[in-house]
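Participant: Protein chains in written order, with numbering that gives the first Met the number 0: chain A, 0 to 331; chain B, 0 to 145; chain C, 0 to 167.
Calculated from the structure, these hints are not laboratory results.
Because the structure is a prediction, the values reported are computed rather than measured.
A portion of the hints provided could be inaccurate.
[Claimed, not checked] Distance condition first, Cα-Cα at most 25 Å in a straight line; then the derived DMTMM-like pairs of lysine to aspartate or glutamate:
id, chain 1, residue 1, chain 2, residue 2
1, B, K136, A, D300
2, A, K60, B, E119
3, B, K72, A, E215
4, B, K137, A, D304
5, A, K60, A, E30
6, B, K51, A, D3
7, B, K51, A, E215
8, A, K7, B, D52
9, C, K163, B, D141
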Amino acid sequence: MIWDVLGKLLHAFLVVGLVLPLMAALMVWAERRVSAFMQDRLGPNRVGPAGLLQPIADVLKFIFKEDVIPGHVNRVMYVLAPLMVFVPALIVFSVVPYARGMAIAPLNIGILLVFAVSSLGVYGITIGGWASNSKYSLYGGVRASAQMISYELALSLSVIPIFLVTGSMNLESVVAWQAQNVWLLLPLFPAFIIFLVSSYAETNRLPFDCPEAETELVAGYHTEYSSMKFAIFFMAEYINMITFSALVVTLFFGGYTLPFLELPAGLWGTVLSGCIFAAKVSFFLFLFLWVRWTLPRFRYDQLMDLGWKVMLPACLVLIVCTAGVRAFIWPG
Amino acid sequence: MRAIAAATVWADNTPGDYLPLFLLLGLAVLLGATQLIASHVLGKRGVPSPAKDSAYECGIEAETSAHTRFSVKFYLVAVLFILFDVEVVFFFPWAVFFGSGDPAGIFENRQALMQFAFAEMMVFLGILFLGWYWVVKKRALDWEEA
Amino acid sequence: MTAFFWLFAVLAVAAAMLAITRRNGVAAALWVALVFVCIAAQFVLMRAYFLAAVEVLVYAGAIMVLFLFVIMLLNLDEKEAARLEGPRLHAAGVVLAALFLTGLVFTVREAGLFEVPIGSQGSMLPAGETGNVARDLFLEFLLPFEIASFLLLAAIVGAVLITKRRLT
Chain A
0 MIWDVLGKLL HAFLVVGLVL PLMAALMVWA ERRVSAFMQD RLGPNRVGPA GLLQPIADVL
60 KFIFKEDVIP GHVNRVMYVL APLMVFVPAL IVFSVVPYAR GMAIAPLNIG ILLVFAVSSL
120 GVYGITIGGW ASNSKYSLYG GVRASAQMIS YELALSLSVI PIFLVTGSMN LESVVAWQAQ
180 NVWLLLPLFP AFIIFLVSSY AETNRLPFDC PEAETELVAG YHTEYSSMKF AIFFMAEYIN
240 MITFSALVVT LFFGGYTLPF LELPAGLWGT VLSGCIFAAK VSFFLFLFLW VRWTLPRFRY
300 DQLMDLGWKV MLPACLVLIV CTAGVRAFIW PG
Chain B
0 MRAIAAATVW ADNTPGDYLP LFLLLGLAVL LGATQLIASH VLGKRGVPSP AKDSAYECGI
60 EAETSAHTRF SVKFYLVAVL FILFDVEVVF FFPWAVFFGS GDPAGIFENR QALMQFAFAE
120 MMVFLGILFL GWYWVVKKRA LDWEEA
Chain C
0 MTAFFWLFAV LAVAAAMLAI TRRNGVAAAL WVALVFVCIA AQFVLMRAYF LAAVEVLVYA
60 GAIMVLFLFV IMLLNLDEKE AARLEGPRLH AAGVVLAALF LTGLVFTVRE AGLFEVPIGS
120 QGSMLPAGET GNVARDLFLE FLLPFEIASF LLLAAIVGAV LITKRRLT
């Protein structure tokens with residue numbers, strides 16, 4: 000019993016305490032290098048080979064900066080807000096099967112838990128904006144929460160067709176179904192598009208970064224934040240990007256499997272499956288950056304319109320179509 | 000697409016399977032708090048100044064409190080979100096029921112169950128869609144309106 | 000399991016106490032959110048995983064967010080807040096709370112939940128897994144399910160009408 004608990008703790012610590020932050024750091028580096036590449040610049044290339052150690056230098060700098068808590072803020076809430084964003088971001092990843100038979104918590108309600116926990120991320124952003132007691136922050140926080148709750152509807156509705164097809168909310172069995180049949184991307188392409196677009200809105204990334212909108216709100220809900228507290232907001236955003244990329248891969252791109260490739264049994268197969276998963280996730284992380292430097296920001300009213308008047312009904316129509324096809328034409 | 004009999008039957012979880020979530024909760028709080036405390040302890044000691052203690056407004060001094068009243072539109076979005084979220088919650092068990100393959104053997108075959116589930120969701124969804132259509136018709140979600 | 004039950008039970012009650020004693024509305028709302036998370040943990044202990052997820056998703060993730068919106072953005076100042084206090088409102092609050100508690104105790108007794116030993120699990124809510132919830136909901140309780148959609152429709156119409164009046 001005690002060894003079981005310790006094993007789970009170690010697993011959780013290795014994946015969420017070490018690998019995820021490391022991936023987030025790599026992503027910060029990639030973001031800067033890729034942006035530079037797309038703008039025909041060099042980007043950070045001095046610290047370590049190809050600038051790879053730059054994120055470590057950044058973190059050290061953040062830690063040694065003055066820890067300013069401005070006088071006009073609500074101190075307790077102001078300090079707690081970054082944590083309230085960071086903690087759900089870390090927990091959500093636990094249900095993702097990142098290699099064969101490997102997930103921190105392989106749960107039957109898998110995807111439902113993802114939505115439940117990630118919906119708690121709204122608190123940190125709203126409270127952060129409110130506690131800062133500054134106009135830019137408050138506007139950013141309120142915009143962010145209204146945007147996140149609007150797209151949460153489309154996000155959770157867009158996965159329903161998957162369960163209509165696979166009959167389970169367990170992510171492991173969604174992957175198993177895809178390995179047996181076909182990547183869900185093919186039969187459910189519209190669901191994939193809706194899920195992808197909504198996940199950009201959920202992570203507050205361009206073209207939906209109205210909550211931060213540098214040109215109008217300075218930095219949105221974290222305008223008044225500095226040093227490590229700012230870094231934690233930043234890290235949570237990157238971890239969310241990784242989690243959502245992992246979810247896209249798991250739900251629509253066969254997870255850790257490849258078609259026509261029989262994974263060898265034993266440790267070697269598990270490692271290979273993990274590598275396949277990481278490669279697929281990397282592509283979607285790159286897509287985040289690619290989109291950022293390709294598309295301009297939506298106006299806030301356009302963003303709300305898209306969420307409520309396009310995505311929501313599109314999801315409902317998609318559910319009806321999928322269920323109708325399954326019930327009358329192709330019971331499978 | 001072939002049948003998926005094997006993949007749909009999954010062992011029930013035990014409460015113990017949820018233990019990692021709570022371990023993770025503790026771990027995440029610990030990680031975050033460590034970083035905050037580290038930067039508080041190791042950070043440079045600064046000199047307090049009135050500029051640091053005022054809200055950032057691009058160099059102009061803040062004239063009014065940031066806490067002003069917001070447009071009622073934001074409340075409307077939040078209320079509509081709750082209502083639609085409750086409807087979404089019904090979809091999850093329905094999807095599982097739809098694909099469950101009728102383990103209790105109540106229907107003639109899988110397809111009969113699916114058609115039954117399809118019909119009941121059509122009624123539910125129809126009413127929901129009516130609500131959505133009415134909201135759009137009323138221009139309640141038009142951000143620029145009023 | 001009993002230890003976990005007590006852990007989350009005490010935590011839930013403590014958080015609820017803190018929620019009703021805070022002067023700051025935002026702090027109170029956050030404590031209530033913690034109550035919901037603790038209750039979700041209790042559902043997990045009773046093997047009602049679907050209910051646990053829904054508790055967090057709907058109550059903590061949606062309803063409390065609306066509360067937070069209202070508290071934060073309505074931004075009552077001291078004078079207005081003072082107008083909302085006084086012996087009559089307090090009395091009304093106590094009466095409502097007493098009524099609610101009576102109803103709760105009655106329901107729990109009718110369901111025979113007082114006989115269930117504390118911390119026991121498994122036998123209590125065998126229908127907690129999603130598949131079982133679904134089977135009950137879409138076969139046995141089909142009519143209430145469809146009626147629920149009418150309730151939600153009424154709520155949508157009400158919400159829009161009230162806010163529309165404010166806007167124009």
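Participant: Confirm or reject each hint.
Facilitator: Now the hints, each set against the structure:
1. B:K136 with A:D300: holds, 17 Å
2. A:K60 with B:E119: Measuring from Cα to Cα gives roughly 59 Å; hence the hint is violated.
3. B:K72 with A:E215: holds, 20 Å
4. B:K137 with A:D304: Holds: B:K137 and A:D304 sit about 14 Å apart, inside 25 Å.
5. A:K60 with A:E30: holds, 18 Å
6. B:K51 with A:D3: Violated, at roughly 50 Å.
7. B:K51 with A:E215: Holds, at roughly 22 Å.
8. A:K7 with B:D52: violated, 45 Å
9. C:K163 with B:D141: Status holds; Cα separation ~11 Å.
The structure does not agree with the numbered hints 2, 6 and 8 stated previously, though it agrees with the rest.
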